[in-house]
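Asker: Starting from the known structure of chain A, arrange chain B on it as the hints suggest.
So the protein sequences, as listed, match chains A and B.
Going by my numbering, the first sequence opens with residue -17, and the numbers climb by one from there.
Going by my numbering, the second sequence opens with residue 1118, and the numbers climb by one from there.
Hints are all accurate, no fakes.
Among the chain A residues that face chain B by a calculated CB cut under 8 Å, a handful are:
1. 11
2. 14
3. 22
4. 24
5. 26
6. 28
Pair ranges (Cβ atoms, derived):
7. A:130 <-> B:1140: 39 to 47 Å
8. B:1429 <-> A:130: 43 to 51 Å
9. A:29 <-> B:1315: 48 to 56 Å
Derived from the structure by calculation, the hints contain no laboratory data.
Beta carbons: idealized from backbone N, C-alpha and C, even for Gly.
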Amino acid sequence: MPYTNISTKAKQVDRRPMNFMERIYLPAIAKGLKITLGHIFQPKATINYPEVTRPFSSTFRGLHILNRDEEGREKCTACGLCALSCPAEAITMESAERKTGEEHLYKEEKYAAQYEINMLRCIFCGLCEEACPKDAIYLTQTFAPSNYDRKGFIYKKDDLLIPHPSSKN
Amino acid sequence: MILTAITLGFILEKVILVSIILGGSLGIAMYSTWAERKVAAVMQDRRGPNRAGPFGLFQPLADGLKLFMKEEIIPTLSNKFLFILGPSLAMLMACMTSAVIPWGPNIVHADGSVFTLQVADINIGILFIFGVVSLGVYGIMLGSWASNNKYSLLSGLRAAAQAVSYELAMGLSLIALVMMSGSLSMREIVEQQHGFWDNGYFTWNFFKQPLAFIIFIVCSFAELNRAPFDLSECESELVGGYHTEFSSMKLGFYLFAEYINMFITSIILSSLFFGGYNYPGMDWVALHVSPLFVSIIGVLVLLGKAVAFILFFMFIRWTLPRFRYDQLMDLGWKSLIPLALFNMLVTGAIILAFQK
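Chain A extracted, bound-state conformation:
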C-alpha cells in the first residue's frame, strides 16, 4: 500500500523535444487565444459590492445586537455567561443594580452598566448567543464595517443595543 496516491494520479511530464508544429508556436498561441477569448463571455466572479451584496445564508453570523423586550427594556442581566462562553475572550461587561425608578429601563434587577465586544477578537462563532439565558444577545446578518483605528472596533453598549421601540427609526 503506497503512502500517498501520487503514484497513481501523477502525470509523467512529456519531455520529448518539440515537434515542428509545436516549434512554430502559432497553433499553441491560437489555442491559448481561444481560451482567453472564451473567458470574455463568461459570467464575472466579482460582485459590484456596495451596489450588490452577496446573499448570506440564513444562519450567517454577523454583528451582535443587544435585545430589548416589548416595552423597550434591556434584557441583559450581566450574568457573564456570554463572556464565559466566548472562546476569543472578546466580551467584557460590568454589572450594576437597578435602582427604583429605573424599571422602565431594565427588565430585571441587575443590568449591564458596561458591555463591550471587541470585534477584532470576535470570531463570530455564536456561542454567546447560545449561552445567553435571557435571549439578550443575537448575531445579525450584517458584518462589521471597516474602520481607521482599533478603537473603532470595540463596540460599546450603545453601539450594540437595538433602538428603543418607541423611537421613530
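Answerer: Frame of chain A, contents of chain B only:
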C-alpha cells in the same frame, strides 16, 4: 518637398495637423491603459476599473493626476542628466514616429488645393520609422544605466539586445514588402493597396506577404517590450525593470511611451499590411457620396484597424506567458531571421518570374 511651397499657410496647416495627431495619440495612449485593464479583467472573469465615472472611463485621468502629484525622486548616485534624458527620449521618440504616417486620403479643396493628412511624405518613410524606433531603445538604455541600479541595468541590457536582434528580422521581413512595392514612402505603399479587391486579387499586402506580416508582428511585440517578450520589465525577476528607480511623471513618461508606441505600431501594421486608410468600396463612396467622405471614413477605418491591433496586442499579453531569455534569442536569430531571408528569396524569385 519644393522649398517655395513653405508658406505661412503651409506651416499653420502642418502645426494644426501635428497638434491633432499628438493630442490624438496621447488620448488614445491614455485610454489604452484603461482598455488594457478592462481587457485583462474580462479575460480573467473580473470587472476592471468601474468606479471613476461611467465604466471607469475617468480612471486614466485619475491615474495621470496621481502620477503628477507623486513625489519626484532622483537617486543620489544616479547620473542626473541621463536620468532625466531617458524618459524624455523615450517619450519624444514615441511621438516622432507618427510624422510619416499617412492618416487618410488627400482632401482636395474646391479651389484645387490639396490638404494632405500626413505630416511629412518623405520618400524614405520606412527607413525613418526604423531609425526613430531604434533610437527609442536609447530611452530605456539611458534611463536604466543612469539609475545606478543592478536590476535596471540588467533590464537595459536585455532591452538593447532584444531590440538589436529583432530589428534585424523586422527589417528583413519588410525588405520583401519593399521589393514588391518598389518604394520606401509610406504613402506610396498605402496607395498601392487601394480599395480591397482589384482584378481578382486582394490589394492589401497581408494577402501578398502573409509570412512577412507574421514576422513583422512578432518582431513588433519584441520591439514594444510587450508580453510575451517583456523581458526588460519583467516584474518577477527585475522588480520593475528599467523603471525601477523612476517615480512621478518620469515613470509616467515611460509607461505612456509604451502605449504611444503600441498605438503607432498598430498604425504602421495596418498601413503596411492591412491597407492603411483603404477600405472596400471606397471608389463607390467617392463616386456616389463625396470625395471628402472618402477621407473621413478613411481616417476612421485606419483608427479602427489600429484599435483592433491594440486589442490584439492586449489579448496576446494576457494570454501568453513570458519567453525565457534564451528562447527569445533563439526565436529571433534562429527562426525569424532565416524565415525573413527565405521570404525575401521567394519574393524575389516570384518578382523575377513575373517580370519575364
